[in-house]
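Q: Residue strings, one per chain:
2 protein chains.
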Amino acid sequence: MHIKRINRVLISVTCLLISLCPILNQAQEHPNLILTKAGVEKIRAELGSIPIFDATLEQVKEEVDAEIALGIDTPIPKDYSGGYTHVRHKRNMVVMQKAGVLYQILDDEKYAKYVKDMLMQYEGMYRTLPLHPKTRSYARGKLFWQCLNDSNWLVYVSQAYDCIYNYLSKAERKKLEKNLFRPFADHISVDSPQFYQRVHNHSTWGNAAVGMIGLVMNDKELIDRALYGIKGVNLDKTAKDDDGGFLNKDGKAGFLANIEEPFSPDGYYNEGPYYQRYAMYPFLIFAEGLHNVKPELKIFEYKDGVLLKSINALLNLSDADGDFFPLNDGQKGMSYYNDALVTAVDISYYFGNQDPGLLSIAAKQNKVLLDDSGLAVALGIKNGKAKPFDKKSINLTDGPDGNQGGVGILRSEDLELVFKYSAQGSSHGHYDKLSFSFYEKGDEVLQDYGLARFVNIEQKGGGNYLKENKTWAKQTIAHNTLVQNGKSHYQGKFDIGSKYHPDLYLFDASKPEIQLVSAKETNAYPGTEMHRTMAIIKEEGFEKPFLLDIFKVKSDSVNQYDLPFYFMGQVLKTNFEYEVPQILEPLGKDNGYQHLWSEGSGHPIGENTKLSWLDKGSFYTLTSATLKNDELSFVRIGANDPEFNLRREAGFLIRRKEVQNSLFVSVVEAHGSYSPVSESAVNSNSNIAALKVVLDTVDYTAISITTIKGNTKLFIIANTNASKEAKHTLKINEKNYTWVGSYYYN
Amino acid sequence: MHIKRINRVLISVTCLLISLCPILNQAQEHPNLILTKAGVEKIRAELGSIPIFDATLEQVKEEVDAEIALGIDTPIPKDYSGGYTHVRHKRNMVVMQKAGVLYQILDDEKYAKYVKDMLMQYEGMYRTLPLHPKTRSYARGKLFWQCLNDSNWLVYVSQAYDCIYNYLSKAERKKLEKNLFRPFADHISVDSPQFYQRVHNHSTWGNAAVGMIGLVMNDKELIDRALYGIKGVNLDKTAKDDDGGFLNKDGKAGFLANIEEPFSPDGYYNEGPYYQRYAMYPFLIFAEGLHNVKPELKIFEYKDGVLLKSINALLNLSDADGDFFPLNDGQKGMSYYNDALVTAVDISYYFGNQDPGLLSIAAKQNKVLLDDSGLAVALGIKNGKAKPFDKKSINLTDGPDGNQGGVGILRSEDLELVFKYSAQGSSHGHYDKLSFSFYEKGDEVLQDYGLARFVNIEQKGGGNYLKENKTWAKQTIAHNTLVQNGKSHYQGKFDIGSKYHPDLYLFDASKPEIQLVSAKETNAYPGTEMHRTMAIIKEEGFEKPFLLDIFKVKSDSVNQYDLPFYFMGQVLKTNFEYEVPQILEPLGKDNGYQHLWSEGSGHPIGENTKLSWLDKGSFYTLTSATLKNDELSFVRIGANDPEFNLRREAGFLIRRKEVQNSLFVSVVEAHGSYSPVSESAVNSNSNIAALKVVLDTVDYTAISITTIKGNTKLFIIANTNASKEAKHTLKINEKNYTWVGSYYYN
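Residue numbers (full-length UniProt numbering), protein chains in the order written: chain D, 1 to 746; chain W, 1 to 746.
The hints are simulated quantities; they were obtained by calculation from the structure and are not laboratory data.
Values in this document were obtained by computation on a predicted structure and should not be read as measured data.
Careful: at least some of the hints might be erroneous.
What the hints assert, rightly or not - Here are a few chain W residues that face chain D, going by a calculated C-beta distance under 7 Å: (1) Val-455; (2) Glu-585; (3) Gly-588.
Said to hold, decoys possible - DMTMM-like cross-link-like pairs, simulated, lysine to aspartate or glutamate; straight-line CA separation at most 20 Å: (4) Lys-240(D) - Asp-495(D); (5) Lys-367(W) - Asp-495(D); (6) Lys-90(D) - Glu-63(D); (7) Lys-90(W) - Glu-679(D); (8) Lys-573(D) - Glu-658(W).
Ideal placement from N, C-alpha and C gives every residue a C-beta, glycine not left out.
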């Protein structure tokens, strides 16, 4: 230690003398990546008096001690996700990172030794390691079947290396850097440009991995490669990856481009919250490292502070339980309890403006990062600064400049509407323009199916995407939106979908009693304009706010329209007659229809179609202003599903044939409750006696809603002028209505 | 008050002089039914210092105050369950009972006045009230569509009347008794003998209703009618009720017969826990009244104290979450949080031996009865006497004398096996001899479907039994047990089923590491003996205990056998090939098969058939020693279900054709976990490499289980001698095995 300090002084002095001395930067302080020397001192001083930090530390210590007791295993790679070697290497990276942190905080050499020993084993293996034997990936890794996982490994292991940097001798460091880290970084970057040289969550991991090891090694070449991409490498702009996404259409690459492109100015990540959560960790952990080592980059201020904004966006993209809305390829159940969100929340608190709402989420997470940011959060909670994180209605634009559609979330009491009018969302996007999902108290009322995959469950296609993800989950009919002539939006083609996006017509959450979002899409079906307006209205006489859905379609051709509602739960009652078939047949042959069994069909009786269902002790009713010849079908997911990859869940489909322009108007009510313990059913009936289209022109659509008690409300939307200032006058049934703004409600 | 006291003294004196003075008993103290004068004084003295009691009181007060503010409504009856008038009258009875109690405890006349006013409104209506207009019941009530609900009403209202008895003038009492209570009691008894004069949970309510109002009115005729049935009335012994049960095969009736008949000496109630919970309230509340008013009856000691024993049995018939096992007609989700169980637990504690385990359940229920028993419980909890209620493995005999089969429950760590070998279970019984269900941490792994009914949800058949209850839920194929030639046990006929029951072969829970239950059934299919042995075995090398299932069938004819497993969750993997059909057809035409879609079928590959599935983050694997020609089918509930009354849940069916004697051996493993938050799958594979039938003779069946690591264990069951003392010697593959007792495991 003493000698080291003298060395450092000498070097500093030398640096003062020579203006350019890059090689001497090697003597930079360690740790400096995520932990800092000053931070470690502060942590050590507070230990024992910061409950949530102490508890996390204790847990991590137990976990790592157990692993140390088990001994080190770095098996020769052979498995896909879920298999032993995959799981083991994944575990190793996490445990090394944690052991490194423990070494710093607890100053106990056994942790440093453990990391060193494991790294040396990796070094011994890696030198001669061929490509991973499994061939399914477009970019095979060495430790794992895909470079993506190799990159995960390096992101974690860089941190471990930084923590034990000073514990290692110079010779040991040289050995590791030469035989393990540098070739490892090269393999995932220069040797795998199809993986690295892109704007894609995979590449973000790659960039962060290369950048973080670069920061620790103080290797400018690696750092630059991380920030700006591989110098001079340009990919075939028409090439595609496994998921059908373009490898690199725009030629952009590197960490900064990966911040620039996928995040909208509001912080919405183009692939959706599930992948944002996944991508978040490398974004933030590398940013933290850059902030510490290269503060001059001002990474947290980059693109108007979008990294921190994106955390706020992501938290707002979760339901009442903290589960992310499964937009695009999203696995249900992923939530802000994920470790990546512990990182996100702590970093956002520390490097942002110390939002006390974040502390309440951190308290729920019940763990913190074992670094400066985690310390700040733990202290904040300890000092009683936490306040509820109040999720409000929010509109999040999509696209690098915020002009490629977006996602609108309306919240009212326990209800949440997620309205998706975003752009394609890279290779993980679904063909579901103007679709929606609806939640009550964090439970799905009308679902977005999410992805068709069992992530990391080896028995299900190696834990990877299942073929039903393409044939079902991505198709339009799998979503609560309109399908024309049985074909998916943009022909279900990625290159077409990537060119277009819906446009916001209006978003207004200024009045809690009536909140609206409305958007138009004109390219999903050429020659057809779809305009959907959704409102959550809190109205006297209704137990809870209700959802109003107005789907207006205008076409230059005669078409068939299908509008599905994937309700969760069991059918309670309908007001129409329907037949159930003696045998079940698929509803169609392609575009996802081949996965739907037709479980029953009928026609409307009267002007309204009503369907009530029961789920988890709550009642719901869909009331729809249907036409006499509409076909009403009950569908069940699961046809042509030879490996039982799909969930056998229900849907209700309104089909209208041979029309050109048309209007679908529905109301969804949440009402009442049923308890199997008290066996009492409360308010189990709809409160709506009639839902009527009073007027429908190019410029205006007027809907009346009459309750059981006979109260009638009128809602009018101006279809072609969303200005807040515009004055409208409209005569309906000999009565004049005059109002200012895009809609009327009274 | 002063005058009353003098009266009482005078009467007492008079009674001393005249040995028989029944009429003078009218001056008995009030309240005396559930609350007692002494008890009320004690409660008042403790108020404010007994948290759970105070909280319950506060809640009840809020509830009743809100109802008082709403005003009294006693609408002219017209609806089925779930409809307004039904719900209102039901609510009124509960609120009156509570208001009566509040009057006693808080000594606030507004509550007494509320009860009086409402009773007077009922009195005014009841005098001229015709039969309820809905005609579906075999015994129509007046306030409700069935006498059952009228009886519920009187059980509650008797308590209210007792509480305000002294508040009313003599003339008011006379008016109520003459025009309301007496004719009310007569309507549900002498005017409805088909309802009242039986051994059935309906009659128990009737008996309690008549008896309780009799106790309050001090009407010996009513009390006797309650205890012993209607004098001189005998019903047609071959007549049946709506549910297909005999009205009164044995001619027995009255409250004591209703204790005698349905309860086994262990306290198992023949209809199963769901109905026991329902019946429990009138049993216990009337018993409490009898105890207070007629202590000489020693009602809690009746039949060796079976009433209190039955509470213990009922609590043991619940899963880890407190939900009752849905044996026979049971609605899932009913649990010991039901108010009837608050009554049961409090009464059991107070009138029983103050089991501290009951206090922990009372604490979970978080409310108590507002009477002497509730006070005792609240004080017990307050004084820290509560201990966990430790549910153990238990065998509960069925039948009045405990010799008509039973239910065996094996518990090991987080797993619970419910093995049903009970008698028919009155009209609510299912045809599912030797069936089982399996739970982990209170979640169903292999389910019992329960009933097909949405209790009190008017939209679903008036909240009553749906026709699918008969066509599906009661049928054998709806359960995890053997079906011969596609026909239900006992031909699905109640009169045949009621004659027979399986017999216990052995129950042994003496060793925690291997627990067994085994029973035989010889009458379900004449000429066929079914013998099922189930064991939960905790074995080194297995993460959790596993379930071993040995189903031996012996027949004098050649048959087809179907053995279904209704697994909960999604198929993960099979070790056999199967085809999924392009269209779904029902598996059969009747006996419940018409409700199953055939979703896929195949044949075993090798000696074992394996099916893994995933549910709620846990993995499960069924390993079955199948034969080459067995047919393996995936089934889905929901065919021929025109109103979506059935849940679309999965099953797996092993079919063996054209065999006479046969053996089905399976192991169910619970293993590992999956978290959608961490996305890590732990221990997702079965630990069993081979499951073999090593020997199968009339006398012995030997099974070997070999783990992935190659460890083999042998299990031998003696099929014809269950003696614990018997010594067995058996040669298998040239090796001799010698042991004492019914089974060998090593």
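Q: If a hint holds in the structure, say so; if it doesn't, say that too.
A: The hints, checked one at a time:
no.	hint	in the structure
1	Val-455	holds (5 Å)
2	Glu-585	holds (5 Å)
3	Gly-588	violated (13 Å)
4	Lys-240(D) - Asp-495(D)	holds (10 Å)
5	Lys-367(W) - Asp-495(D)	violated (62 Å)
6	Lys-90(D) - Glu-63(D)	holds (15 Å)
7	Lys-90(W) - Glu-679(D)	holds (12 Å)
8	Lys-573(D) - Glu-658(W)	violated (44 Å)
Hint compliance for this structure: hints 3, 5, 8 are broken, all remaining hints hold.
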